[in-house]
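Residue numbers (my numbering), protein chains in the order written: chain A, 1 to 89; chain B, 1 to 452.
Hints should not be assumed to be uniformly reliable.
To be clear about the criterion: a stretch of chain A counts as covered by chain B if any three or more of its residues have a C-beta under 8 Å from a C-beta of chain B, and this derived list gives those stretches [unchecked claim]:
| id | segment |
| --- | --- |
| 1 | 15–22 |
| 2 | 52–63 |
Listed next, the in silico DMTMM-like pairs over lysine to aspartate or glutamate satisfying Cα-Cα at most 25 Å (straight line) [stated by the list, open to error]:
| id | chain 1 | residue 1 | chain 2 | residue 2 |
| --- | --- | --- | --- | --- |
| 3 | A | K74 | B | E64 |
| 4 | B | K120 | B | E194 |
| 5 | A | K2 | B | E9 |
| 6 | B | K120 | B | E377 |
| 7 | A | K2 | B | D6 |
| 8 | B | K243 | A | D81 |
| 9 | B | K5 | A | E80 |
Simulated from the structure, these hints should not be mistaken for laboratory data.
Keep in mind it's a predicted model, so treat the numbers as computed, not measured.
The beta carbon of each residue, even a glycine, is placed where N, CA and C say it ideally should be.
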Amino acid sequence: MKAVITVIGRDTVGILAKVSTECASKGANIIDVTQSVMSGMFTMIMLVELDGLNSDFSELVSSLEALGEKIGMKVHVMHEDIFNSMHRI
Amino acid sequence: MINTKDILETIDMIDNENLDIRTITMGISLLSCADSDISRSAQKVYDKVTCSAEKLVETGEYIERTYGIPIINKRISVTPVSMLLAASGGDPLVYARAMDNAARELGVNFIGGYSALVHKGFSAGDRELILSIPQALAQTEFVCSSVNIGSTKAGINMDAVALMGGVVRECALLTADRNCIGAAKLVVFMNAPEDNPFMAGAFHGPGEPDLVINVGVSGPGVVRAALAKCPDGNLTEVADIIKKTAFKITRMGQLVGTVASSRLGVPFGIVDLSLAPTPAVGDSVAHILEEMGLETCGIPGTTAALALLNDAVKKGGVMASSHVGGLSGAFIPVSEDAGMIDAARDGVLSIEKLEAMTSVCSVGLDMVIVPGGTSAETISAIIADEAAIGMVNAKTTAVRIIPAIGREAGEELEFGGLLGSGPIMKVNDSRSSAKFVSRGGRIPAPLQSLKN
Chain A
1 MKAVITVIGR DTVGILAKVS TECASKGANI IDVTQSVMSG MFTMIMLVEL DGLNSDFSEL
61 VSSLEALGEK IGMKVHVMHE DIFNSMHRI
Chain B
1 MINTKDILET IDMIDNENLD IRTITMGISL LSCADSDISR SAQKVYDKVT CSAEKLVETG
61 EYIERTYGIP IINKRISVTP VSMLLAASGG DPLVYARAMD NAARELGVNF IGGYSALVHK
121 GFSAGDRELI LSIPQALAQT EFVCSSVNIG STKAGINMDA VALMGGVVRE CALLTADRNC
181 IGAAKLVVFM NAPEDNPFMA GAFHGPGEPD LVINVGVSGP GVVRAALAKC PDGNLTEVAD
241 IIKKTAFKIT RMGQLVGTVA SSRLGVPFGI VDLSLAPTPA VGDSVAHILE EMGLETCGIP
301 GTTAALALLN DAVKKGGVMA SSHVGGLSGA FIPVSEDAGM IDAARDGVLS IEKLEAMTSV
361 CSVGLDMVIV PGGTSAETIS AIIADEAAIG MVNAKTTAVR IIPAIGREAG EELEFGGLLG
421 SGPIMKVNDS RSSAKFVSRG GRIPAPLQSL KN
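Okay, chain A solo, but in the shape it has when bound (with noise of 0.2 Å):
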């Protein structure tokens, strides 16, 4: 299974690293990263492996939440198949 993985807020140094670092804490491999900034709005959005998750999904949601909160950035993680559904015939 893969999810994607939304990052977005004002930028500040280090946001890749953090998130970076959580994926890896839990075992999702980063397989695709893209991010933007424009005006002072940062924008990244990564696609993730999860098939080595040391821990169950839900986990790792939570646990990127709470990281987005702590940086004040808004984090989605969602399966990759909802996108998939919605914008591919």
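Fit chain B to the given chain A structure using the hints.
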């Protein structure tokens, strides 16, 4: 990797435009629970419902968490209880209590199916069940009820229509101390669908499989936001935008239904392609019509705008789903829609205009609050009018009307939650419809029913 713009669009829809799955509804057949002993039959109902839907809430929560999409309600619909009553006889309230207890045990939001299908006449159990509806809805918390009083094939059972005016009033009277909430949990149908996941009118039709999962989607806010990005497009462009948006919304419903069905080991029935509003700001069907260029919902042009919206929602949704069913169309429940509430409060939206609107969209006069003094005969006559629209146009129509006991037009009722609040609307009842209603009998099925 998936397109960045698509990902951000989905997140924006959920975070800012109130995109959600309104309900995952498990349909459960109770035909196997029929027994000549009512206590035994009610126990079988409780056991079958609690056993079949044991993991429904848990599954809904899993999907919410994994896919990041809010699922507002988890619900259950069951076989019309009048069918069990036909076999068992006895006090129908025994079934209402069994259903309520099962819903409480499971943690679902509603259980529908305290129902009777009497479009051509009453069979054993039907009349007893209908007469018990006011008590059932007053004494239970989760039970919802519906009665089908007509169909395009059968015509309109005017004896049932006459009966239902009094039942609706009685539902309001018995719950007068709770904002007449009983009447908000009763739907009187014409051409009732057997696979509708939406309450209060959900029941599990006799032609359905033993268990089934149906999904109802929502998303008026998403459609309004999409239209706001095209302020000067012509109506062909407006229709195209709605179709594309409805497609995306429905695909999400299809995904959720497929996952729920597979995890529960229950067949997936249908996606109900509906735009279901909530009282929340930015989740209104009326505001979509206003985005199209109407200053307020209810003025001339409203019916045309709604017809366009309803048709485009279906066209966009139908390709997104393998099976479409239920009510499928835009809902216009007055008290559940911020734009409708404002329009009714300002006196711009009348019951007569709502009636016209129901000829081009799904459902009918929904969550309309009328003065407490509105007579049973007038309510029956309103039901008959709505039923006639459904019968002639071969579509579902319904009446969910709430007489605000002890209150007059211009005052307000507050239900809270998804049911919202709304002004009491004026009814054109200065002259009586009583004689017409009291004639009884059946309005014959129209010519368009003879399709064979």
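Comparing the hints with the structure gives:
Residues of the segment 15–22 of chain A lying with their CB closer than 8 Å to a CB of chain B number 0, which falls below the three-residue condition for coverage. Given a C-beta distance limit of less than 8 Å, the hint that chain B covers the segment 52–63 of chain A holds, as 3 residues qualify and 3 suffice. Of the pairs offered as hints, the one joining K74/A and E64/B holds, with about 17 Å between alpha carbons and a cut-off of 25 Å not exceeded. A distance of roughly 16 Å separates the Cα atoms of K120/B and E194/B; the hinted pair therefore holds under the 25 Å criterion.
For the hint linking K2/A to E9/B, the alpha-carbon distance of about 19 Å falls within 25 Å, and the restraint holds. Only pairs whose Cα atoms come within 25 Å are accepted, and K120/B paired with E377/B is accepted, the gap being roughly 20 Å. A hinted pair counts as satisfied when its Cα atoms are at most 25 Å apart, and K2/A with D6/B qualifies at roughly 17 Å. The straight-line distance between the Cα atoms of K243/B and D81/A is roughly 21 Å, inside the 25 Å bound, and the hint therefore holds.
The suggested pairing of K5/B with E80/A holds, with an alpha-carbon distance near 14 Å, which does not exceed 25 Å.
The structure is inconsistent with hint 1 alone, although it conforms to all the rest.
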